[in-house]
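Novice: Residues per chain, in single letters:
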Amino acid sequence: MPLRYTVDRAARYVLFAAAFLALLVLFLIALFTASEGWPAFTGIGLRHLLGTSMWRPQRELFGILPMILGSLWVTALAVVLALPVGLGCAVYLVEVAPKVVAGIVKPSIELLAGIPSVVYGLFGLLTLVPLVRRIPVARNSGFGILAAGIVLGVMILPTLISVSADALRAVPRSYKEGSLALGMTHWQTIWGVLVPSARSGIAAAVILGVGRAIGETMAMILVIGNSPIIPAPLNSNPLTLLLSQARTLTGNIAVEISYAYGMQEHALFATGVVLFVDILLITSGARVLLRGAAGSAG
Amino acid sequence: MEMTAPRAIAQESGSRYLRYQKAVQRVGFALLWGAAGITVGILALVIGYILVRGLSGLSWEFLTTPPAGGLSGEGGISTTILTTLYLVALTVAIAAPLGIGAAVYMTEYAGDNLVTKTVRFGVEMLGGVPSIVFGLFGYALFVSRLRFGYSLLSAALATAALILPVIIRTAEEGLRAVPRDLREASLALGTTKWQTITGVVLPGALPGILTGVILSVGRIVSETAVLYVTLGGSHLAPRSVMDGGRTLALHLFYLASETNAGPEKQMATGVVLIAMVLLINLSTNWLMSRWKRA
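As given, the protein sequences belong to chains A and B, one line each in that order. Heads up: the first sequence begins at 1 in this note's numbering, then just goes up one per residue. Heads up: the second sequence begins at 1001 in this note's numbering, then just goes up one per residue.
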């Protein structure tokens, strides 16, 4: 048998091995995280883990509720800040922008997406934190949800813009033409027809942005203060909640894993499992929405 | 021309309505311009701030001096650039053959069978998982259980897992874009499948595959979370894969969080990091445009 046939047969097995190994790696991560987190779920209990507010590893208290709430608050603030700008910018790009300006805005968004997260963190640390610190409220350190939410809002902006711009572009041309033919202004057409038609794609953009926000680690560590406490207003004004320090789920893992052992290590893996589940829910939600969007547009 | 009264009123109120809607539209469009302006403004602010504060600290000496250890934050960034290059090379050397091999198997041999579908599911699932989860995995498995310690090897293995989904997805897309006719023409000439793959399919898919690899390089250069828990953070240059170190991005994190480095040092490091990422972005765009034209 000529050599090339032997090579051909060998190549098949080698490539199969590569595919199998890749598969193994992909699932090993999920399995490993779950199996290392398991002792925390059985030993500490789901209720203690997810329902109690104290994270004091030295005293065997492993409540990750503060981190869950910390992640939720910064993510919520980031979305509230970024959504109007992001949606506006997407509509602008698809409907309004002159070609020359679009030629500036589009690469800017790509660049915004490419800046490493640690750079955003540093920028927040050097500019936002001192600015927030000036707000005259007792115990306000500058670090906390407000600074972190703003940084995070900037970081999810590119995701929001590009996914919702895609959704707006997918709206059939005839919708727009029909609306304009009925005598609606361009603006009425945008808010009355285009944006509502693209709503599931825009919802998917928000969900993907939330996914990115929940996963962000190092930038948050630099600006959020990292206290494992349930965020609460600093005084009687409920808005001072934004000045409260917090810690995110991701930050909890990064800050503590290097010196964690025993149950603390398992509890950190349990934190990883919570993140894993969040992201699974988020990506499958976005996928359903995007499929719905593609279906209704086609 | 005289108009009858009701028609005139209707026209009058109609044009008032129209004028009102035109005014609303002007305000609305101004807001849209504003949103775009804010987006570009933020970019200009971040980049501008870093350039203005960082360029003064940038010098040949800064690039070629190793950072001082400990908390001082003094010194340059030479070893961190070296470590970044080592890590990129090692990670790509692990992930690229594995990912491209898997993609070739999926598109050329398996078709849409169970293996392909499961790999795709895994790729989608892991694509959105936060990088710190990969760090957690890498720390527990490579650093502590397998006793590789804080090292280039541990970090490269964990980071390889992080970029594997990107490489598989882009390679698969690139391979699928190669027209079927080319494969059939090659096979009809009497070549084996493997000769067709290496002689026809892979060269055709190369720009797509390269785009994926370069995207991953950008991801490795920007990554901090995985490396924070696997690479150790020594300021020295690693002499073997079992040594730890710090990449440029990780060094920047240490400068920002744990040292007494002034903003000038931090920003100068930021400038180099951004320049690196920018270069990588530009080459991806260039490759993509070439690929689309071909």
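One or more hints might be untrue.
No farther apart than 27 Å at their CA atoms in a straight line, the calculated lysine-lysine pairs in the DSS-like style are these [what the hints assert, rightly or not]:
#	chain 1	residue 1	chain 2	residue 2
1	A	K176	B	K1022
2	A	K99	A	K176
3	B	K1193	B	K1117
4	A	K106	A	K176
5	A	K99	B	K1022
None of these hints come from the bench; they were simulated from the model.
Novice: All hints are to be evaluated individually against the structure, with a verdict given for each.
Specialist: Results for each hint:
1. A/K176 - B/K1022: Roughly 17 Å separates the two Cα atoms, so the pair holds.
2. A/K99 - A/K176: Holds, at about 20 Å.
3. B/K1193 - B/K1117: Roughly 22 Å separates the two Cα atoms, so the pair holds.
4. A/K106 - A/K176: OK: A/K106 and A/K176 at ~23 Å, within 27 Å.
5. A/K99 - B/K1022: 23 Å, holds
Consistency with the previously given hints is maintained throughout, with no hint failing.
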